[in-house]
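These protein sequences, in sequence, are chains A and B.
So the first sequence is residues 1 to 649, counted in UniProt numbering.
So the second sequence is residues 1 to 237, counted in UniProt numbering.
Please keep in mind that the hints were generated in silico from the structure rather than gathered at the bench.
Certain hints may be false.
[To be verified] Here are the simulated DSS-like cross-link-like pairs (lysine-lysine), alpha carbons at most 27 angstroms apart as the crow flies:
#1 K184(B) <-> K183(A)
#2 K631(A) <-> K22(B)
#3 K128(B) <-> K183(A)
#4 K157(B) <-> K183(A)
#5 K230(B) <-> K174(B)
#6 K128(B) <-> K184(B)
#7 K202(B) <-> K61(B)
#8 K183(A) <-> K112(B)
#9 K137(B) <-> K304(A)
#10 K112(B) <-> K137(B)
#11 K22(B) <-> K634(A)
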Amino acid sequence: MAMMDLIGVPPALLFGQLLVGLINGSFYAMMSLGVAIIFGMLRIGNFVHGAQYMLGAFGAWYLMRLPELFPGLGLPSIGYWWALVIVPLVVAVIGALMERIFIRRVYDLDHAYGLLLTVGLAMAIEGAFNVYYGAAGQMYGVPDTLKGGINLGFMFLPIYRAWVIAVAIVVCFGTWYVVERTKLGSYLRAATENPDLVRAFGINVPRLLMLTYAFGVGLAGFAGVMAAPIYQVSPQMGQGIIITIFAVVVIGGMGSIFGAIVSGLMLGVIEGLTKVFYPQASSTVIFIIMALVLIFRPAGLFGKETTSHSVADVSSGRSGSFLENGRLWLAIFAIGGGLLPFVIYPVMGMKILVLALFALAYNLIFGYVGLLAFGHAAFYGASSYVTAHAAAAWGLPTELCILLGVSVATAIGVLFGWLAIRRQGLYFAMITLALAQIIYFYAVQAPWTHGEDGIQSVPRGTLFGLIDLSNTLNMYYVTLVVFLVGFAFVYRIIHSPFGQTLKSIRENEPRAISLGYSTDRFKLIAFTLSAMLSGVAGGLKAIIFQLASLADVFFMTSADVLLMTLIGGVGTLLGPVVGAAVLVTLQRELATLGAWVVVVQGAIFVLCVLFLRKGIVGTLEEFLSNRAERKAQKGVKTTEAVAKTEAAQ
Amino acid sequence: MTEISKVVLDIADLHAWYGESKALHGMNFEIREGELVTLLGRNGAGKTTALRCIMGLVRKKTGAITYRGDNLAARAPEIIARRGIAYCPEERGIFSSLSVAENLELPPVIAKGGMTVDEILELFPNLKARWQSPGTKLSGGEQQMLAIGRILRTGAKLLIFDEPTEGLAPVIVKQIAVVLEKLKARGFTILLVEQNFRFAAKLADRHFVVDHGKVVERFSRDELAGNEAKIQAYLGV
Numbered sequence: 001m002a003m004m005d006l007i008g009v010p011p012a013l014l015f016g017q018l019l020v021g022l023i024n025g026s027f028y029a030m031m032s033l034g035v036a037i038i039f040g041m042l043r044i045g046n047f048v049h050g051a052q053y054m055l056g057a058f059g060a061w062y063l064m065r066l067p068e069l070f071p072g073l074g075l076p077s078i079g080y081w082w083a084l085v086i087v088p089l090v091v092a093v094i095g096a097l098m099e100r101i102f103i104r105r106v107y108d109l110d111h112a113y114g115l116l117l118t119v120g121l122a123m124a125i126e127g128a129f130n131v132y133y134g135a136a137g138q139m140y141g142v143p144d145t146l147k148g149g150i151n152l153g154f155m156f157l158p159i160y161r162a163w164v165i166a167v168a169i170v171v172c173f174g175t176w177y178v179v180e181r182t183k184l185g186s187y188l189r190a191a192t193e194n195p196d197l198v199r200a201f202g203i204n205v206p207r208l209l210m211l212t213y214a215f216g217v218g219l220a221g222f223a224g225v226m227a228a229p230i231y232q233v234s235p236q237m238g239q240g241i242i243i244t245i246f247a248v249v250v251i252g253g254m255g256s257i258f259g260a261i262v263s264g265l266m267l268g269v270i271e272g273l274t275k276v277f278y279p280q281a282s283s284t285v286i287f288i289i290m291a292l293v294l295i296f297r298p299a300g301l302f303g304k305e306t307t308s309h310s311v312a313d314v315s316s317g318r319s320g321s322f323l324e325n326g327r328l329w330l331a332i333f334a335i336g337g338g339l340l341p342f343v344i345y346p347v348m349g350m351k352i353l354v355l356a357l358f359a360l361a362y363n364l365i366f367g368y369v370g371l372l373a374f375g376h377a378a379f380y381g382a383s384s385y386v387t388a389h390a391a392a393a394w395g396l397p398t399e400l401c402i403l404l405g406v407s408v409a410t411a412i413g414v415l416f417g418w419l420a421i422r423r424q425g426l427y428f429a430m431i432t433l434a435l436a437q438i439i440y441f442y443a444v445q446a447p448w449t450h451g452e453d454g455i456q457s458v459p460r461g462t463l464f465g466l467i468d469l470s471n472t473l474n475m476y477y478v479t480l481v482v483f484l485v486g487f488a489f490v491y492r493i494i495h496s497p498f499g500q501t502l503k504s505i506r507e508n509e510p511r512a513i514s515l516g517y518s519t520d521r522f523k524l525i526a527f528t529l530s531a532m533l534s535g536v537a538g539g540l541k542a543i544i545f546q547l548a549s550l551a552d553v554f555f556m557t558s559a560d561v562l563l564m565t566l567i568g569g570v571g572t573l574l575g576p577v578v579g580a581a582v583l584v585t586l587q588r589e590l591a592t593l594g595a596w597v598v599v600v601q602g603a604i605f606v607l608c609v610l611f612l613r614k615g616i617v618g619t620l621e622e623f624l625s626n627r628a629e630r631k632a633q634k635g636v637k638t639t640e641a642v643a644k645t646e647a648a649q
Numbered sequence: 001m002t003e004i005s006k007v008v009l010d011i012a013d014l015h016a017w018y019g020e021s022k023a024l025h026g027m028n029f030e031i032r033e034g035e036l037v038t039l040l041g042r043n044g045a046g047k048t049t050a051l052r053c054i055m056g057l058v059r060k061k062t063g064a065i066t067y068r069g070d071n072l073a074a075r076a077p078e079i080i081a082r083r084g085i086a087y088c089p090e091e092r093g094i095f096s097s098l099s100v101a102e103n104l105e106l107p108p109v110i111a112k113g114g115m116t117v118d119e120i121l122e123l124f125p126n127l128k129a130r131w132q133s134p135g136t137k138l139s140g141g142e143q144q145m146l147a148i149g150r151i152l153r154t155g156a157k158l159l160i161f162d163e164p165t166e167g168l169a170p171v172i173v174k175q176i177a178v179v180l181e182k183l184k185a186r187g188f189t190i191l192l193v194e195q196n197f198r199f200a201a202k203l204a205d206r207h208f209v210v211d212h213g214k215v216v217e218r219f220s221r222d223e224l225a226g227n228e229a230k231i232q233a234y235l236g237v
């Protein structure tokens, strides 16, 4: 106790937070265990894990409320203990169905698509629950048998919390035992290494994959039931935790089950202790630890150095096609953009232009380097906040505000890029996502960002002291010019020797390395450029809409920019622009649906991944190139036929 | 062979593709009960592809693969294995995250009549000492023994080996030859893919020479003597 007094922390607070940390850590461990198993076996970054956890909690709550939900049927209320058995099974069955219907289709594709697919599913599921239950949490009581607590002298230990910790440890190490020490586990491990060979031994690997997914998902459902009496049962409960879980898995070492369990518990405790000693950092500490682990042990604490996965070859652009002709499209956009405000509302036009610029920036890293970045909201949002603050609080000239915003975004881009390029594929996505959370939580807490309110009524000012931006048309044309410059800039980059090198990295990184390119440097430069351009879009956005808010740095913004690029066509010149136009129009048209928008957006995500992987522009490109080929063949045939007739004569 | 026994596996007009490129161009061969036959040929001739087709690991294919009257061409690998075919892949396919014991016991038993673990260890005494070490910590020769031993437990009657001698020391190649003879004597039917003709010549009842994705020559053991030059021409570099 004397020691406690020395550091000036009351023991009750310390042990209280330690307990909270252990509780959170128990959930982290159970959840990251499921994510690690699913990743290990299926190579799927199961982003929908959080939603499945939420389903577990709602499942328990539904069972409890059966009589109220179906008053006519005379059903009994089913309590905690039965829920603990029934709900994980039901959630596991839902998981098995999801595997059958959706996830199975992307096994043979790049990891990026698995992540995108599960992001879409998560949006759809969580969105649907949000429609019915909104942000309000539902209460779920602690079961009678586990009520009360024990006074340990230095602290009060609620029995239910002790129970959660004990059960989590048993479940986690039980799973670890099954995977590492049993026959079934040996099938799983072997199938992870070489699924084809395991099938050729007579083991039904597709079914094994489905069952593994169902098990991992069932575990999330189980954690959800366990969580119901502690946290509120709400549609958002899974959304926050999943990104943390991804960070935990990266820290533990991807695919390492033991790593996931130990890191989960440990990080929960560290988070709890941070709440005692430095509360401001408690929501970001896990992400900061992740960054440190990446610097010193890129494979994670318990991970083995894995061979680098091939980067995504997702491009669908075809050089030489008129769809890739930058000068032509620059002219078309200049003329079309000039006329646009007479056709649609200038504000909507500006929204499209800004998001198109953002998507162009994003496409630079995802489309042309093949790195699935999933945290671009950090650059967009940081620039938006800085620009807004410089304009609103310091009253700086508009151009200087945006310049400041872009500088900050670029600096963050250098730092995040430097950390993230150590890994590829899915890891890259998880790392950028987790790093972006640091910016998000900073924006939530920092006083100058004004939390939920954001920075409002940002003055637009006058550009270079000449152009009054409070005039909407002026603002629109300035936006158009910035967009056109950005478009030309991106076109210039991808058609420079530098851009060619980027594409060679996308297609075959080892070969690019063997040719003497320091690919990491190229990746970092590309990442930084992408961050910088995102910053331009973010800063411009703050000035146009006179607002910087949490939505700008929220991960949904990262998902939006990815969705735009995907809808339009990854790795095509026009894709991002088309994608932005489609998404903005869609969001406008769907605005009447209210909360359903997220569900629809999630469904579009899923459909794009399953059926429109090349995007609108990529699909059009494919159609044109097929037609050109058919024509060419026809041409050959005709000449042959002519030659034949001539010969016959 | 004095009497003609019945055909166990019949490959008829097999074509196969990897994506756009065609690997097999109408392959034909058959194996009779209790025989040991080899597919001989250079790298890239299509030998491994033929085996992968039999095991159902190549999806894009046409033609018939008939095993004991059942067409396997449309079946999944796990079903094919359960019909009684065991596969020892090229480069051994030892799992690094599994111990020697786990590797050996991985393939499920599909029928009665397989060898026991003790019998297998008698065949490959080296494995006993390394029982608990991770599979890929073994030497190349030991890994090959493990890979062969692994498929003897299952009760499969047709064994398929893809270049079991590749990259191994002559002493070990000899040891493997002895084992294959013992397996044949035990009544296993064996399909062997080889580039090492001298190794195969002593063991096999019949040889099929594969070139450009089809069988171009077939010889029985007795016909070898006069045709060695021809075979060397196909295999030669």
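Worksheet entry | Given pair status - K304(A), K137(B), alpha carbons within 27 angstroms | holds (16 angstroms)
Item to complete: Decide if the proposed pair is consistent with the structure: K157(B) and K183(A), CA atoms, cutoff 27 angstroms inclusive.
Response: Within the cut-off at roughly 24 angstroms; holds.
Fill in: Restraint status (C-alpha distance of K184(B) to K183(A) at most 27 angstroms)
violated (30 angstroms)
Item to complete: Take the C-alpha atoms of K112(B) and K137(B), compute the straight-line distance between them, and say whether it is at most 27 angstroms.
Response: violated (31 angstroms)
Fill in: K183(A) paired with K112(B) [C-alpha distance capped at 27 angstroms]
It holds: about 20 angstroms lies between the C-alpha atoms, which stays within 27 angstroms.
Item to complete: Mind checking the alpha carbons of K631(A) and K22(B) for me, to see if they're no more than 27 angstroms apart?
Response: holds (26 angstroms)
Worksheet item: Taken at face value, is the distance from the CA of K634(A) to the CA of K22(B) at most 27 angstroms?
Response: holds (25 angstroms)
Worksheet item: Holds or violated: are the alpha carbons of K230(B) and K174(B) at most 27 angstroms from each other?
Response: Given pair K230(B), K174(B) holds - Cα atoms ~25 angstroms apart, limit 27 angstroms.
Fill in: 27 angstroms limit on alpha-carbon distance, applied to hinted pair K128(B) and K184(B)
Within the cut-off at roughly 23 angstroms; holds.
Worksheet item: When you check the alpha-carbon spacing of K128(B) and K183(A), does it fall within 27 angstroms?
Response: Satisfied, since the Cα-Cα distance of roughly 19 angstroms is no more than 27 angstroms.
Item to complete: Starting from K202(B), check that the Cα of K61(B) is at most 27 angstroms away, please.
Response: Roughly 33 angstroms separates the two Cα atoms, so the pair is violated.
Hint check: violations occur at hints 1, 7, 10; the rest are consistent with the structure.
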